[in-house]
Amino acid sequence: MEIVIDTGSSHPVFSQLIDQIKKAVLSGALNPGDTLPSIRQLANDLALNHNTVAKAYRLLERDSVIETKGYRGTFIHPNAKANSTVDLNAWVISKLTEIVQGFKESGVTDSEIRIAFGNVMNNRTN
Amino acid sequence: MSDQILFSIVFLAQILLISYYLPGKMLRRMTYVLETYPPSAYAKLYPKPIAYYDKALRNFKAMNGFILLAGLLLLAAMYVYSTTGEWDVVFPYFMVQFIPIMILEMGTFKIYRLMRKASTIRKAELQPRRLFYFVAPKMIGLMLFVYLAFIVFAVYISAFDLPWFSAFENIAILTGMNLFLTGIILWNIYGKKQDPYQAYEDRKKHIAHLVRSMVFVSIAATLFNMINSVFSAWDMRHLEPTITSLYFQIIAVVGLRAIRIDNIDFEVYKTDPILDNQAEKNQLIEEETTDYEKSKHIYKMVGVSFGLAFGIALAFNEGATIKGIMLIGGVGGGVGLFLGIALSLWVSHLRTGDSSMT
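Just so you know, the protein sequences line up as chains A and B, in that order. Number 19 in the numbering used here belongs to position 19 of the first sequence; there are no gaps in the numbering. Number 314 in the numbering used here belongs to position 314 of the second sequence; there are no gaps in the numbering.
Note that these hints are calculated values from the structure, not bench results.
Pairs of lysine-lysine residues, derived as DSBU-like cross-links and limited to a Cα-Cα distance of at most 35 Å, are as follows: (1) Lys123/B / Lys205/B; (2) Lys23/A / Lys123/B; (3) Lys23/A / Lys193/B.
So the derived list for chain A, only partly shown, Cβ under 10 Å to chain B, looks like this: (4) Met1; (5) Gln41; (6) Leu46.
Just so it is clear, the structure is predicted and the values come from calculations on it, not from any experiment. Yeah, the Cβ is synthetic: ideal placement off N, Cα and C, and Gly gets one too.
Whole structure, please, built from the sequences with the hints as guidance.
This is how it looks when you write it as structure tokens:
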């Protein structure tokens with residue numbers, strides 16, 4: 001199963017990695033239990049920073065598409081196929097859109113929404 | 001007299017094999033690739049103008065020719081003037097014979113770097129690589145067994161208090177050599193993909209080929225050391241130059257073996273028909289090094305120079321032989337290079353805040 005990354009694309013590299021691994025799972029090219037290369041090996045093969053590949057693996061593990069078993073390596077999760085259809089980013093965007101729409105209907109301005117969002121992200125309160 | 005004749009024949013074979021036959025084979029291979037897979041159709045293979053490759057081939061041929069001539073003159077001088085034929089020239093001459101090959105290798109790394117810069121597309125297989133995918137466990141077991149056997153042998157020999165044999169020195173040199181070969185093996189299996197376009201199957205073949213060669217070199221070096229020591233113990237040191245020359249020829253033949261050209265997938269280097277003027281773009285790519293990358297090379301060069309000079313000075317001061325001077329100088333240079341790389345990585349970390357992968 002070959003993975004192809006375009007470092008010149010506007011789409012973040014870690015995101016390309018995640019998308020391709022999920023597509024491979026959905027297409028059956030990768031099956032539950034299949035071993036993935038280590039972060040170091042994949043980073044070296046793609047000439048990427050370790051942190052980029054580590055981030056992709058971390059997010060895939062969060063989404064239960066892969067599972068890391070310490071020194072034994074990284075494997076495709078038993079429920080990877082079902083979990084690969086879940087797009088957390090799309091879910092966050094749709095939820096945020098709902099909430100922001102609600103605020104606007106209540107008369108809250110765009111800048112108020114942005115400031116409040118920033119404060120919440122930084123755990124600050126007025 | 002018969003020892004001198006035997007040595008002359010074996011040393012002549014070394015001269016012709018490493019400075020004539022093997023370079024000739026390499027030149028024919030490179031010329032075949034240039035003619036069969038030209039830049040017009042396989043632009044991705046040639047990040048530099050064709051003139052660069054022609055010049056590199058000419059220089060390689062000239063250097064080997066010069067070293068061949070020097071070797072023949074050296075052999076003639078040794079035969080005419082030497083009474084015993086035991087000039088300690090085999091090792092230094094072998095190091096000189098490898099210079100053109102080292103320069104060619106360094107040039108290849110430069111080309112690979114340009115190839116990586118030429119494209120933003122990166123490919124990889126989602127398959128882990130393990131050592132035993134490329135070499136049988138028995139071979140690694142044999143390599144370890146021979147190494148441990150040598151340690152036992154060295155300790156045993158040292159009990160006889162022979163003035164020409166130092167167990168510690170021999171074990172240290174062999175351990176250093178094995179660590180170096182292990183480093184090369186691990187770097188090839190897990191390290192950066194040098195050629196960004198290389199097909200995965202070709203990369204696996206290349207890794208397997210290299211791993212097996214390094215394991216063979218390790219076993220051969222250890223056995224050579226043992227045989228040399230035994231010969232010295234049996235008062236047959238006059239055969240050492242002959243055995244050493246034979247050993248280097250075996251190493252050269254094994255180390256310089258290459259994968260058959262017809263087994264390599266060159267389609268991956270074909271010019272992309274979608275991109276306009278791909279060949280022209282590749283021909284015009286010059287090596288752009290940032291100030292940081294230039295200084296990275298300076299750290300390495302300074303490290304190697306200091307290490308080499310320090311090693312040679314130390315060996316000279318201790319009254320070492322030519323072989324000893326070259327060996328200690330080489331170790332000093334290696335340590336200096338390591339320190340230079342460490343320093344450049346530390347500077348990179350200070351500048352960017354993370355370690356650089358390229």
